[in-house]
Every structure is written in structure tokens, then in C-alpha cells.
Amino acid sequence: MSAIVQFENVGLRYGLDSETLSDVSFTLAGGGFYFLTGASGAGKTSLLKLLYLAQRPSRGVIRLFGEDVVTLPRKRLPGFRRRIGVVFQDFRLVPHLSAYDNIALPLRVSGMEESEIDAPVTEMLNWVGLGDRGQARPATLSGGEQQRVAIARAVIGRPEILVADEPTGNVDADMARRLMTLFEALNRLGTTIVVATHDLPLIAQVSGAQMMRLDKGRLADPTGSLRYPPRQQGSE
Amino acid sequence: MASRADRRAAAAARHRLLPGGRVAGPMLWIIAIMMFLTVLAAAAGLGLGAAVQSMSADLAGRASVQVVEANPQQRDQLAARALTALRGADGVQAAAAVDPALLADQIRPWLGEEATSGDLPLPALIDVTLTPGDADAKVARLRRLLGSLSPALRIEPHAAFLLPLAGLLSALGWLAAGVVLLMTLATGAVVVLAARGAHDSHRGTIEVLHLMGSTDVQIARLFQRRIGLDAMLGSALGFAFAAFVILLIGLRLSATGSELLGAVSLPPFSWAVLALLPVAGVILATLAARWTVLRALGRAL
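Protein sequence lines, in the order shown, are assigned to chains A and B. The opening position of the first sequence corresponds to residue 1 in UniProt numbering, with each subsequent residue numbered one higher. The opening position of the second sequence corresponds to residue 1 in UniProt numbering, with each subsequent residue numbered one higher.
A couple of the hints might just be wrong.
Said to hold, decoys possible - Quick look at which bits of chain A chain B covers, simulated, 3 or more residues with Cβ under 8 Å:
| no. | stretch |
| --- | --- |
| 1 | 53–65 |
| 2 | 76–82 |
| 3 | 101–110 |
Hints were generated in silico from the structure; no laboratory data involved. Using N, Cα and C, we set each Cβ at its ideal position, and we do this for glycine too.
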């Protein structure tokens with residue numbers, strides 16, 4: 001499998017503070033399943049932000065899909081973002097849109113015809129168990145339901161990379177298992193999955209997944225039985 | 001190719017993305033007021049311009065010859081000679097003596113019945129209509145001609161009498177044009193502020209759209225459509241009310257019976273210019289909204 005994400009000596013600094021991420025280097029192979037773990041404040045969310053192009057690094061090189069995205073002109077970023085699905089830690093559902101419209105958003109952004117949107121959105125709503133809540137606004141949904149809408153929105157465009165920040169933080173153990181099953185299914189279809197979590201038992205459920213651990217903004221040594229660092233390009 | 005139902009559904013989906021009906025609430029009414037004032041100012045400018053043009057065209061080709069002679073017999077003889085000379089002169093289209101009775105009627109309100117008693121020597125007057133073009137040179141030639149006949153003959157171009165008034169009307173016309181320009185700038189500024197406000201209040205939605213791969217142009221379109229719609233409704237309202245007021249003022253001016261006020265009119269061309277103002281307003285608002293939102297989006301990653 002070829003490398004889909006490459007970080008080389010990446011550093012991230014907010015303002016004049018000390019670096020949130022320092023000398024981060026790793027390679028993710030296309031089609032892999034990766035967990036990013038670490039204590040709160042270790043820099044997981046910052047690393048994911050770099051990954052889903054919400055932030056540019058202060059230094060270093062990031063390559064996505066084989067292209068250097070640090071020096072990429074701003075107008076080319078949307079094309080890359082459409083290839084990445086994101087489940088935000090705080091869901092970021094659009095509050096005045098229904099669950100249906102929130103899930104349909106990536107399809108509309110990509111310019112899909114309205115007549116072609118209904119079937120995949122309805123299927124996705126059923127898939128996350130919200131078939132009867134399509135017209136509900138986020139404020140009327142429980143935390144778990146909102147999270148499922150956020151996940152459905154992230155995966156409906158069949159992204160090449162799915163980035164999820166603590167996706168099981170607000171759901172019960174049963175739903176967490178179902179979500180992981182969903183992520184594995186997507187992974188089998190070829191989507192590269194990157195999940196930030198500090199839920200170690202959850203990590204153990206996914207066979208073949210690899211783990212990166214962040215410690216104070218740096219990639220740390222592996223823990224447990226999961227392999228570290230991720231498999232390098234051509235190591236398969 | 002998307003079907004009509006598809007386009008309607010897409011438009012409805014876009015509409016849902018920016019909630020709360022109008023983007024900036026009172027913007028429709030602000031634009032309506034701006035457009036109302038702009039159309040009134042433009043109508044004033046165009047009306048005054050038309051009046052100045054009409055006065056200039058009317059007055060530039062006319063002059064009065066006064067026969068300032070106290071002796072009535074000599075005055076009549078001199079007037080007859082002057083009239084004959086004028087009718088034969090180059091550049092004179094027509095020349096006619098003003099009826100002394102009419103002259104007496106016109107000065108009676110100021111001088112009373114004595115004006116017609118014969119004790120007060122009144123000059124004889126000859127109305128001269130010049131052929132079109134270069135009135136100043138023709139008047140100068142006629143002045144020389146009349147001077148050769150008698151020093152009691154004086155020619156005065158009508159334009160000279162009303163030159164200050166024409167200047168005032170012209171200045172008022174330019175002032176109105178300035179007001180139109182300022183209103184245009186103010187409308188643009190209002191739209192910029194409204195677009196900035198709308199952008200700020202929808203920052204969360206915009207961020208999500210950006211991260212899903214929306215382009216700046218896609219997002220800007222959402223705002224420009226909504227603001228363009230507000231501008232369209234506001235402009236239509238403002239124009240309709242201004243047109244009503246202009247028609248009302250036109251009726252009042254006509255009712256005065258004044259030749260001078262009657263010259264302040266709006267020909268069809270002027271109405272066409274006024275009708276273009278709302279269109280220009282909508283285009284201005286849409287472009288200002290697009291520019292503002294694109295500029296704000298350009299500051300984000």
C-alpha cells in the first residue's frame with residue numbers, strides 16, 4: 001500500500017507559546033487503520049487538525065495523497081478536504097439544519113444533484129439508527145444521536161481518509177462497538193481510518209489497527225501489543 | 001442537466017443553510033429608504049438639468065431691443081426703422097414689436113395707472129428671435145447694426161437676464177448628482193457592514209462548510225444571493241414609493257401654472273435612467289456582498 005499521509009519533522013506553535021507539536025514524523029499507508037492516543041493535552045486534536053487541513057504547521061512538511069499541502073495554494077485546499085471525512089470531537093453539526101440536511105451537506109458541497117441525494121442520506125440515517133429522526137434538529141437529539149449524525153456526515157461522501165476525534169466519547173459501549181464495526185467496514189472498502197482516542201479497550205477491539213501515541217506533543221514509544229511506528233511505505 | 005424540481009430543491013437547501021429569513025433583518029428597509037432618497041435626488045438632478053437645458057435653448061436664441069426715446073413720435077419712427085433693419089439682418093429669424101398695451105399691462109402692478117397715462121415715457125420693445133447657433137456673435141453683430149442706426153437702440157440677449165438662475169439650477173443639479181453618488185457609496189457601505197455581520201454570525205456554519213471542501217465562491221454565493229434578494233425587494237419598494245412622490249410633485253408643479261417651474265420635467269429618457277437605479281442598486285449590493293465575504297473568507301485557511 002502506498003503512503004497516503006506523510007509528516008516530516010512537523011511542528012505546530014500557536015502564537016508565541018511553546019510548540020504544541022514537535023518534530024512529528026510518521027507515514028500512514030493508504031487503507032490502514034490507525035489509532036492516535038495520548039493523554040489529554042498531548043496534542044491529538046492539533047495533529048488531527050493538521051491532518052484534515054484546518055491548520056497549517058509552523059514548520060515541517062505534510063504530504064497528503066502525495067502532494068505537499070503546506071505550500072499548497074489556498075484555492076486548491078477544498079479539493080483535498082473533500083477527500084477527507086471528519087468526525088469532530090464537538091460534532092460541529094450545523095444547529096439550524098435537520099439531521100438529514102447535516103448528513104447531506106458534504107454531498108451538496110461536492111455539487112451532487114438533489115435527486116441523487118435522498119437515497120444515500122436515507123440509507124445513512126438508517127445505518128446509524130436514526131431513520132425516524134431525519135427532520136430533528138441537533139438541539140433535540142441526545143449527545144449519542146448527535147455523534148452518530150456527525151459520523152454519518154463524515155462518511156457519506158466515501159472519503160479516502162476518515163479522521164475521527166474521540167468518536168465514542170458520548171456513546172454507550174454497545175454503540176461504541178457498532179461504530180468501530182462501521183469504521184472497520186469502511187476500512188475494508190479502502191478508506192484510511194485515523195481515530196484519536198484514549199479508550200485503550202476500544203483500540204484492542206480492532207485487529208490489525210496500528211497505534212501512535214502522543215506525549216507532550218511528540219510521538220512516543222509504543223505501548224501494549226499494537227505495533228509502532230505505523231508500517232512504512234513498501235513494508236507490506 | 002438538473003431538472004427544474006432539482007434546482008428548486010437545491011435552492012431551498014441553500015436557503016436553509018443561512019437561517020433567519022433575511023440575512024441582516026432591517027437591511028431590506030435600509031436599502032428601500034436609500035433607494036427612495038437616491039431616486040428622489042436623481043429625479044431632482046434630471047429635472048433641474050432638463051429645466052436648465054430648456055431655459056438655455058429657449059433663451060439663447062432670443063433677445064429684446066429697447067428703443068429708449070422719450071419723444072413718442074420719434075420713438076415710434078425709430079422702432080419702425082429698427083424693426084425693418086432687424087428683419088433684413090443676417091441671423092434674425094423673426095422680429096416683432098411688443099404691443100405697448102401689453103407692456104403697460106405688465107408694468108401696471110408696479111407703477112400703477114400712471115404707467116398708461118402717457119406721462120411716463122416707456123421704451124418701445126422689439127422681440128427678436130435669432131436663427132440657431134452662436135447667439136453671442138449674432139447679438140454682437142445686431143448691436144453694431146442698431147448702434148449705427150441710433151444710440152437710443154439697445155439690444156439685450158434674454159440669456160443674460162436668467163443666467164444667474166440657470167447657474168443656480170445647474171448647481172442644484174450637480175448637488176443632486178453628488179447626493180446620488182453619496183447615497184450609492186452609503187448603500188455600498190451598508191451592504192458591506194451587513195455582509196460582515198452576516199458572515200460573523202454564521203462563522204460556525206462557514207467553518208464546517210470550509211472543512212467539508214466548500215470553496216470560497218460557493219460560500220460567498222450563499223450570502224450574495226440572500227443580500228441580492230434583500231436589495232431587490234428593498235430597491236423595488238424604494239423606487240415605487242419615490243416614483244409615486246415624483247408624480248405627485250409633478251402634478252403640484254403643473255398646478256402652479258408657472259412657466260419656470262413647468263420647465264422642471266422628467267422626459268421618458270429620465271424615467272428610464274431612474275428605472276435603472278434599482279437595477280444598479282441590486283448589482284452594487286450583490287457585488288459588495290460578494291467582495292466582502294470573499295475578503296473575509298480569504299483571511300481563513
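Checklist line | Violations among the numbered hints, reported as their numbers in ascending order | finding: none
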